[in-house]
Amino acid sequence: MPVVTLHWGELERMVGKSRDEILSKLPMLGCDIERIGDEHIDVEFFPNRPDLYSVEGVARALRGFLDIELGYKHYEVKEADWKIFVDESVLDVRPRIVGCVVRNLKIDDEVIRSLMEVQEDLHWTIGRNRRKMAIGVHDLSKINFPLCYKGVDKNFSFIPLDFDEVMTIEEIFKKHPKGKEYGFILEGKDRFPMIVDSKNEAISFPPIINAEKTRVTENTTDLFIDVTGFDENVDKALNIISTMLADRGGRLECVEIHYPSRVTKTPNLKAKEMEIEKNEVYSLLGFKLNDDEIKRALERMRFGVEVNDKIKVKIPPYRADIMHEWDIIEDIAIGYGYDRIEPEYPATNTIGSTHPWNEIRDLVKEIMIGLGFMEVITFTLTNERVQYEYLRRKAEGYTKLMHPLTTDHTIVRTDILPKLLELLSYNKHHIMPQKIFEVGDVVVNDVNKLRVAACITHSKANFNEIRSVVQAFMRELDLTWDVVESEDDAFIDGRRADIIVDEKKIGVFGEVHPEVLENFELTMPVVAFEIDLTETFDSGELL
Amino acid sequence: MLSPFEIKLLKSLEVGKEYPISEAARVSELSKDAVLKAAYLLEQKGFCKVKEIVTKRYTLTNEGLQYLKDGLPEERLIELLKKKNNLSEIEKEMGKKELGIALGWLRKKNVIKLSDGKVELIKDVDFKEKDALNLISKGSFDIPKDILKNLIKRKLVEEEEEKEIIIKVLKKPDVELREVITDLTPEILLNRDWKDKEFLKYDIKIPSKDVFTAKVHPYERIIRECRKIFLEMGFVEIKGNYVQTSFWNFDALFQPQDHPARDMQDTFYLNKYVELDEKLVKKVKETHENGWITGSTGWGGKWDINKAKQLVLRTHTTAITIHYLAKNPNPPVKAFCIDRVYRREAIDATHLPEFDQLEGVVLDKDVGFKHLLGLLKEFFLKMGFEDVRFRPGYFPYTEPSVEPEVYVEDLGWVELGGAGVFRKEVVEPFGIKGKVLAWGLGIGRLAMLRLGMKDLRRLYLPDIGWLREFPAIKR
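Protein sequences, first through last, are from chains L and P. For the first sequence, the working numbering begins at 801 and goes up steadily by one. For the second sequence, the working numbering begins at 562 and goes up steadily by one.
There may be inaccurate statements among the hints.
[As the list claims (entries may be wrong)] Restricting the straight-line Cα-Cα distance to at most 27 Å, the calculated cross-link-like pairs of lysine-lysine (BS3-like) are:
| id | chain 1 | residue 1 | chain 2 | residue 2 |
| --- | --- | --- | --- | --- |
| 1 | P | 931 | L | 1088 |
| 2 | P | 789 | L | 1249 |
| 3 | L | 1114 | P | 931 |
| 4 | L | 1095 | P | 931 |
| 5 | L | 825 | P | 938 |
| 6 | P | 669 | P | 653 |
| 7 | P | 776 | L | 1228 |
| 8 | P | 598 | L | 1249 |
| 9 | L | 1110 | P | 994 |
| 10 | P | 669 | P | 684 |
| 11 | P | 724 | P | 598 |
| 12 | L | 1013 | L | 999 |
| 13 | L | 1065 | P | 863 |
| 14 | P | 657 | P | 699 |
| 15 | P | 994 | L | 1088 |
| 16 | L | 1110 | P | 931 |
| 17 | L | 1088 | P | 926 |
| 18 | L | 1260 | P | 762 |
| 19 | L | 1072 | P | 863 |
| 20 | L | 1228 | P | 1015 |
| 21 | P | 938 | L | 1088 |
| 22 | P | 572 | P | 762 |
| 23 | P | 770 | L | 1260 |
| 24 | L | 1200 | P | 868 |
| 25 | P | 762 | P | 732 |
| 26 | P | 706 | P | 669 |
| 27 | P | 716 | P | 670 |
| 28 | L | 1228 | L | 1304 |
| 29 | L | 1249 | P | 833 |
| 30 | L | 1078 | P | 994 |
| 31 | L | 1078 | P | 926 |
| 32 | L | 1200 | P | 833 |
| 33 | L | 1249 | P | 926 |
| 34 | L | 1072 | P | 846 |
| 35 | P | 926 | P | 846 |
| 36 | L | 1228 | P | 770 |
[As the list claims (entries may be wrong)] Partial pick of chain P residues on the chain L-facing surface, computed with a CB cut under 7 Å:
| id | residue |
| --- | --- |
| 37 | 595 |
| 38 | 804 |
| 39 | 968 |
| 40 | 969 |
Don't read these hints as lab results, they were simulated from the structure. Each residue gets a CB set at the ideal place from its N, CA and C atoms; glycine is no exception.
Isolated chain L, as found in the complex (with noise of 0.2 Å):
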C-alpha cells in the first residue's frame, strides 16, 4: 500500500486547520499513520482510495470529514478543440487513450513534486505497475495538436525524456532506465504505442517513457495529461489527476477522443449516481440513523445526498472504489464515525465443538507431556536436503514451492523427525537428557496429515528406552500393534522397527542412524519415533 508523505505547511493549509486538529481525525477517515514528524507526516492510505494519494485529496477529503466544506464538490471541464485520433494500429497493443487540458497553473516545486508522487502511487496501484494504466504529463505549449495515438515499429525514433540523443524503441529497451525497467509490459509486440504530435514528433511512448521536448518546467503553466491502458481505469486515473490539479486552482479543458468508430470526450467528471434502499443501511450497519444522519455523513464523506424514500447519492468523479452500494454504507458508517457505533454481541445462537483433528492433537500432547516430553513448534517448510538427504531417505509424496525465497525453504515438510534432529542440533549445549515432541501436520500428496515425533537424547539413548515409550504410547492409544523389522535408513539396521496396526505401517522408531547425526552435527546418540495420527483415527472435515 501505498505511502503518502503529506507536508504539514501544506496540508494545514489546504484543510485550514492546525496539525493537531489534523491528527486527531486522519485515523477515523481510514489510514495508518507510518511516521509523524515535524516537517511532514507518511500516511499510508488503503488500496482502494487512489484519490487521496495526493495532499489535494487528502485535504478535499479532511474539509469533509472535520465539516469545513461539505458535500459534493463540482468540477467544471471547459469544452474546447484539442482531439486525439487513435489509429487502428494501436487497437491491439494499448487500446484506451484518455486526455485532459489543465490551464493556468502555478507550477512550482511542490505541484510537481505531488504530481510526480501521485503519479508513481497511481502507476503502482491501479496501473498495476503500469501494465494497466500509465499517465504522461506535458507541457501544454510544446505540443501541436490535433495527436495522433498509433501503432509505431521498433525503428521509430525520438528523443525520450532525460537524454539528448534520438533513440529507436530498440534502443530505448536496451539503455533508457525506464526502458529496461518496464520494456517487459511490451515483450513480444511487433508494435509499439506512440503519441504523435500534428508535425508526427513523439510527445509520448507509453506506457515506457515521455518525449524530452514536452517536459514539465518552472516556466510551465498548461499541462496536458495524456492516459493509456485497456480499460476504465485509465478514466480513473484520468479523473484523480484532473480533480487534484483543479483543487490547485487550475483550469480544466476536455480533449475528444476520435476511435475509429466513436467519438468521446474526457475526463468526464460528471457525478455518477446511486440510489440505495434505507433498509438496506440499517441491515448492514445493523442499527438505524435518522435521514439527517445519513446526509450529514454522506456529506462529510464528500458526496451529494438527497434522502428521501431511498438515498439518493453523487458519486465524486474521483472516487474509484465504489462497485456495489455496500462501498457507499461504509462511507456512511465512517462518515458517521465507527467511534460513535454502539458496539452490540450478537444473538446469533449455536453451539460450539471442536475439531476432531485437534482432538488427537490435545490427547497425544496430554500422552507425550505425561511421558517427561517437552513441546516444541517448528516451521513446516523446509528443504530436500534436510527433509531426505540427510535421513538418507528417498524423497516421495512432497509440495514443492515454484519461487521459494531462499535454499532452507523450498519445499513443505513431509516428516517432522527431520525438524527435531534440525532443532537438537541447535541445542547440544543444553542440559541433557532432551526429551521432546511436536504433534502437527505434514503435507503428504498436497493433503494435511496429522503426525506426532518425538526424539530422546543422551549419552545412553538406546533402543529399549524409545520401545518403552512406543509401548506406553500405544498402550495409552489402546491400538493393537505388532512391529516388523524396518528399512528405514534413517535409523540402524536391527535397532528399527515399523509400527503396524491393522496390517497397515503407521509409524517406526528406532536408534537414529550415526551418519543421521553426523549429518546434523549431533554428537550424543539419539533415539526417535514418528507416528501418522490420520491412519488410526477418524481426524474430521479437511477443507
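Chain L is already provided as a structure; the job is to place chain P on it using the hints.
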C-alpha cells in the same frame, strides 16, 4: 538440630574430659572421620572444643639399643677399671672407638684422671643415662630434659613429633538427646521407628539440582486460550489443507486476478493445477467480470479459470472459512479456524514465511456491522484487552472493514488484526444466506504482546533452554 552422628558422639563422651580422636572413636563406635566431622559441627554449635596438641615421642637408635643391652661405653670402662687400669689392655677389651667415647665422657665429668697410660678413678658415678635408655625403651619419657638432650646429641635417642586432635565436650544440650531420622526408609515405616523420633531438619534455603518440566509450548498455550474463547462463545472449529486452489484462496474472496497480493512476489505458488467445480466457478467468474446479480459492477475484464486452478500455499485461513460457508450456507453459522498460513516474505524478527492466523465468522440474517464490533469487543475482552477501539480499514473481501486496536500498557493503541462484513460479491455466488461477520488476526502479534517477545523466530526454532525457563504462566 543435631545430626545422628553428633548426638551419638555427645552421648558417649563425658563432659570436661579430653579425648584423643582415636579414643573418642572407640568410645562412640564411630569412624574417626565421622567423629572429626561431628566434632567440628558440635564446636560450631558450642557443644565442644576441638584442639590440636603436639606430643613428642622418643625412640632408641640402633646404637642406643646396643648400649642398653651391653651397657654404655663409660659404664663398661668403669667396670673394667675396677679390675685393671692398664689402658692398652682395656683397649683390647673395648675397642678403640668405644674407649675413646668412654674416656672423653668420663674426663668431662671429672670422674677419672689420666697419667702415664694409667687411668685412675677419682670418684664414684651413677649412670642416669642408662636408666633413661631403659625408661625410653619402655615407652616412658619422664626423663630430665638435660639427659634427654644429651642422649639425642649422642644419637642414642631420636625425637619425633606427633600431632593429635583432642575433643573436649563443654556441655550437653538441655533437651534429651534423641536419635533423629535423616532418610525416611521403608524399614523405618515398617518398624514404625519414626514414632518417638525427630526428623533431621534440613536447611531449606539451599537450592537443589534443577529439573525441567515437560510442558506445552508457550505459543501453543496462547492458541489453546484462543480456542477456548471461541468454544465458549459457541463457535465450531474448522480445519483445512495448507495447499489450496487459487480459487478458494483468492477468487472466491473476490480478489481480482491482477491484484498485487496474488503476485508471486507475495504468494508461494505450486506448479500444479487442479480441476474446479464448473457450477461454482461460473457464478464467481460472472461476479468478477460484471458483478453477476450481486449489484456490483465487478472488476471488468476477463476472468481466467486457469489462474484459479493453480495451487498455492494458502495465504490466509479465510480460504477455509469461505469454503466452509459455501458448504454451510444457511444461518446461523459460527465457525473459527486457528492454523498455519504462508506468505512469501523474508525472515526477520517480526516477519516469517509461515505463521498462525486466527479467524472467526458469524453468518446470520439479522446481524450487521455493529454486531461485528460487539463480537470483537467481547473477544478481545476475553483475551484480556479491556480497551478496544475501531478504525476504518480495508480488505478486498469485506465492506465495511474495520481495524480493531487494543490498548496495551507502555505501548499505547496497538492494531490487532482486521475485520469486516463479507462483500455481497463474496457470499452471493455461493448462495450464502445472510451477512457474514468476519475477523482475524495473526497469533504471532498476540504472542509478542502476551509473551513479551521481540523476535518471532524464537517460536518456531525453539531454544530448549528458553523453553525450560519459560513459565507455564507468564505474569
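Verification of the supplied hints:
no. : hint            : verdict
1   : P:931 x L:1088  : 11 Å, holds
2   : P:789 x L:1249  : 24 Å, holds
3   : L:1114 x P:931  : 26 Å, holds
4   : L:1095 x P:931  : 20 Å, holds
5   : L:825 x P:938   : 22 Å, holds
6   : P:669 x P:653   : 23 Å, holds
7   : P:776 x L:1228  : 20 Å, holds
8   : P:598 x L:1249  : 64 Å, violated
9   : L:1110 x P:994  : 24 Å, holds
10  : P:669 x P:684   : 13 Å, holds
11  : P:724 x P:598   : 18 Å, holds
12  : L:1013 x L:999  : 13 Å, holds
13  : L:1065 x P:863  : 26 Å, holds
14  : P:657 x P:699   : 31 Å, violated
15  : P:994 x L:1088  : 22 Å, holds
16  : L:1110 x P:931  : 22 Å, holds
17  : L:1088 x P:926  : 16 Å, holds
18  : L:1260 x P:762  : 36 Å, violated
19  : L:1072 x P:863  : 24 Å, holds
20  : L:1228 x P:1015 : 24 Å, holds
21  : P:938 x L:1088  : 21 Å, holds
22  : P:572 x P:762   : 20 Å, holds
23  : P:770 x L:1260  : 21 Å, holds
24  : L:1200 x P:868  : 18 Å, holds
25  : P:762 x P:732   : 22 Å, holds
26  : P:706 x P:669   : 19 Å, holds
27  : P:716 x P:670   : 19 Å, holds
28  : L:1228 x L:1304 : 36 Å, violated
29  : L:1249 x P:833  : 19 Å, holds
30  : L:1078 x P:994  : 20 Å, holds
31  : L:1078 x P:926  : 17 Å, holds
32  : L:1200 x P:833  : 10 Å, holds
33  : L:1249 x P:926  : 36 Å, violated
34  : L:1072 x P:846  : 25 Å, holds
35  : P:926 x P:846   : 26 Å, holds
36  : L:1228 x P:770  : 20 Å, holds
37  : 595             : 34 Å, violated
38  : 804             : 4 Å, holds
39  : 968             : 14 Å, violated
40  : 969             : 17 Å, violated
Hint compliance for this structure: hints 8, 14, 18, 28, 33, 37, 39, 40 are broken, all remaining hints hold.
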